[in-house]
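K.L.:
These are the residues of each chain, in order.
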Amino acid sequence: MSNLFDLLVAGLATGAIYALVAVGFTLLWQTSQTINFAQGEFVMLPAFLMLATMHAGAPFWLAIILGILLSMILLGLAFKMLLVDPMMRHGVLPLAIATMALAIGIKEAVKQFFSAEASPFPSIVPTGDISILGHAVSLQSIGVLVLAILAVFGLTSLLNRTSLGHQMQAAAQNPTVARIIGVPVERMILLTFLINAFLVALASLLITPIYLAKFSSGEVLGQAAFIAAIVGGFNQVRGAIAGGLLIGVLDNLAAAYVSTQYRAAVPMIFLIAVILFRPQGLLGRAEERTV
Amino acid sequence: MKSTLVAGALLAFATATSVHAQAIKLADVAELSGGGATVGTNWKNGIDLAIEEINAKGGVLGRKLEVSHADSQSNPGVARAQVQKALDAEPYVLLGPGYSGSVKVTAPLAAEAGIAQIMGGEAAELTQAGNKFLFRTSFGQQSSMPKVAKYIHDDMKAKTVAVVWVNNDFGRGGRDVVVKELDRLGSKVVADLSTEAGQADFAADVGKIKAANPDAVFVYLNEEESARILKELKRQGVTAPLMGETTLIGQKVIELAGDAANGARGHVGLTTDAPVDLIKTFRDKFAKKYNYVPDHNGLKGYLAVYMVKATTEKMGKVDSKAFADTLHGLTIKAADEPGILMDVTFSETGDIDRQSFLVEVVEGKQVVKQVLPKVK
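For the record, the sequence lines run as chains W and C. According to my numbering, the first sequence is numbered sequentially starting from 1. According to my numbering, the second sequence is numbered sequentially starting from 292.
Take the hints with a grain of salt, since some may be wrong.
Residues from chain C that keep clear of chain W, each with C-beta distances beyond 10 angstroms, as calculated [to be verified]: (1) K355; (2) K499; (3) K522.
What follows is a list of derived Cβ distance ranges for each label pair [said to hold, decoys possible]: (4) C/G368 x W/Q33: 29 to 39 angstroms; (5) C/K612 x W/I269: 53 to 63 angstroms; (6) C/A314 x W/Q261: 41 to 51 angstroms; (7) C/Q375 x W/G128: 16 to 26 angstroms; (8) W/M81 x C/G368: 38 to 48 angstroms; (9) W/A264 x C/E403: 31 to 41 angstroms; (10) C/P399 x W/L133: 15 to 25 angstroms; (11) C/Y583 x W/R278: 22 to 32 angstroms; (12) W/G128 x C/G655: 34 to 44 angstroms.
Simulated pairs of lysine-lysine, BS3-like, Cα-Cα distance not exceeding 30 angstroms [what the hints assert, rightly or not]: (13) W/K111 x C/K580; (14) W/K111 x C/K316; (15) W/K111 x C/K376.
Everything labelled a hint here was simulated from the structure, so no lab data went into it. The C-beta atom is built at its ideal place from N, Cα and C for all residues, glycine as well.
Construct all of the structure, not just a fragment, from the sequences and the given hints.
P.N.:
Structure below.
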């Protein structure tokens, strides 16, 4: 039982990070029909930006701020203007393929300019344990979970309770009508790209101390988050959150109770089942688009 | 005027050809990217340092050494293709790869070409297939694992042990020997956990270790995965003593795992922290050239080149066909060839006999706790 509790906590902590990344997937899809197959690499890169800043002499806190800002410029603004906008007019598929090429490019660039070896990355959450219901739970797991939940809560509040959020929803649901009623649709789309960049930078900050900074670490994350987004519902932020948490827990339970070798297969089988029996995702709605 | 120019060009060509012909060509295929990048990069840097030293002192039998480096991408399939390409260039000796799986698929190619292969793999089976051209730079698992099992049983007094291993040739080979030895000594394996190469998340595996509540944990993974599991063991508060091999307590693992590596122990065939003057000198030279302290793979690459030098000088000629026969049964003493760092004897199977060390990580540094002498 104690083992199950530990597995659930660890699974939720990892799942919360998947959720952050999966939310980014859904945001980009909703507002610009961008399926970003470089999303995993988007999580890997900010850690290296922060490391580079630290190597240049910046303290960790400053490296975090600069890393997030640089990520928003490179993975938000530049990504939209240099890749998404020019490719968008050619359709969804060429854009998706372009993001695959971008993923390879980012990986190779990090390998070339940084290193093919893994690097350590400091944790913003202190090590140690706290007792919950008589179980020792690591502060790191709790910290990751809390920060990820706060980020998601902040995002949903922004979307549902502010005028800006409502404009974003309008731009996603019906851009033509949104334009007629005066919503600056282009600016709203850019905002979702910046939010996505912020979320992946935060995910990077939380996951890299555990997974280590390595050029290839985005592969696992990108795949897990993509599955999470589809399982939860590609057209719902809350679906992506649920999908992320579910995949994180499922992955850990599969590794513990099925087999480590087949752990990666279990979420895939689950994904196939969802596509077959509930293609809109667990919390998604058919034929609806909203953020 | 025209004939002078032609004569000059011919002379330049002849000189260049002569210099080129005089160089002894070595080929290195190593894990320069992918999961084994730490292994391959250290190995390559060790090779380059040794060659630079040897060439600065006039080379081997008056001829300079040259090496070509190829990247296996830590992938046995790529390693095989790279080794075939390297062998097509007819090198004097083949160096690498470092991963046992890559060695396993490339060794038949080198043997078929009659070229000696000096490699970094440690899987027990590599030298048990009757290959007369394959040589180790470090202990095989059949030599090191019995020492590990004995330490777990006798010194750690562990009655129950969790064994965590990576599901590849290296991990499986070590796991098989250590489980057998632990069983023979009377320590019970209460958790036998296979993990995947490149695995990022060890929460579930550590959860299983916690549930098994062993007296000791034996960890046998590659370097990066070792660092990740050390962090996870600390994160989940596992307090059982940790024992491993070189891959658990190497410099790169300590750098990656930070505090989580403290207290981990390991049997080490080679360590740059060994209380041996020649190794200390090597460590200083390496750190000066590359700005970091190498792990045992740096030592292995360095030793591989000095094995070439010592064997060639023993033959008194550069003869790739006779190289393997000469190295079999050869003892190289550090007093005669300082580059070999410690006295070493090569068996007829290509295995080595050399003193080894028991190391513990204390405050982020390897501390040698015991020196284990040569077997023979």
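K.L.:
Are the hints correct? Go through all of them and say.
P.N.:
We went through each hint and held it up to the structure:
Consistency note on C/K355: stated as away from chain W, and its beta-carbon is indeed over 10 angstroms from all of that chain's, at 29 angstroms minimum. Not every CB of chain W lies more than 10 angstroms from the CB of C/K499, the least distance being 6 angstroms, so the non-interface label is violated. Not every CB of chain W is more than 10 angstroms from the CB of C/K522 (nearest about 7 angstroms), against its label as outside the interface. Checked against the hint of 29 to 39 angstroms, the C-beta distance between C/G368 and W/Q33 comes to roughly 37 angstroms, which is consistent with it.
Between C/K612 and W/I269 the C-beta distance comes to about 55 angstroms, which sits within the given range of 53 to 63 angstroms. For C/A314 paired with W/Q261, a C-beta distance near 47 angstroms keeps the hint of 41 to 51 angstroms intact. Separation of C/Q375 from W/G128 is about 52 angstroms and departs from the stated range, judged on CB atoms against 16 to 26 angstroms. In this structure the hint that W/M81 and C/G368 lie 38 to 48 angstroms apart at CB holds, the actual value being about 40 angstroms.
Distance hint for W/A264 and C/E403: a CB-CB separation of about 37 angstroms, consistent with the stated range 31 to 41 angstroms. At roughly 57 angstroms, the beta-carbon separation of C/P399 and W/L133 lies outside the given 15 to 25 angstroms, and the hint is violated. In this structure the supplied range 22 to 32 angstroms is violated for C/Y583 paired with W/R278, their Cβ-Cβ distance being about 52 angstroms. In this structure, W/G128 and C/G655 break the distance hint of 34 to 44 angstroms, their C-beta atoms being roughly 19 angstroms apart.
The hinted pair formed by W/K111 and C/K580 meets the criterion: a straight-line CA distance of about 22 angstroms does not exceed 30 angstroms. Our distance criterion of 30 angstroms between C-alpha atoms is met by W/K111 and C/K316, whose separation comes to about 29 angstroms. A threshold of 30 angstroms between alpha carbons decides the hint, and for W/K111 with C/K376 the separation of about 24 angstroms falls inside it, so the pair holds.
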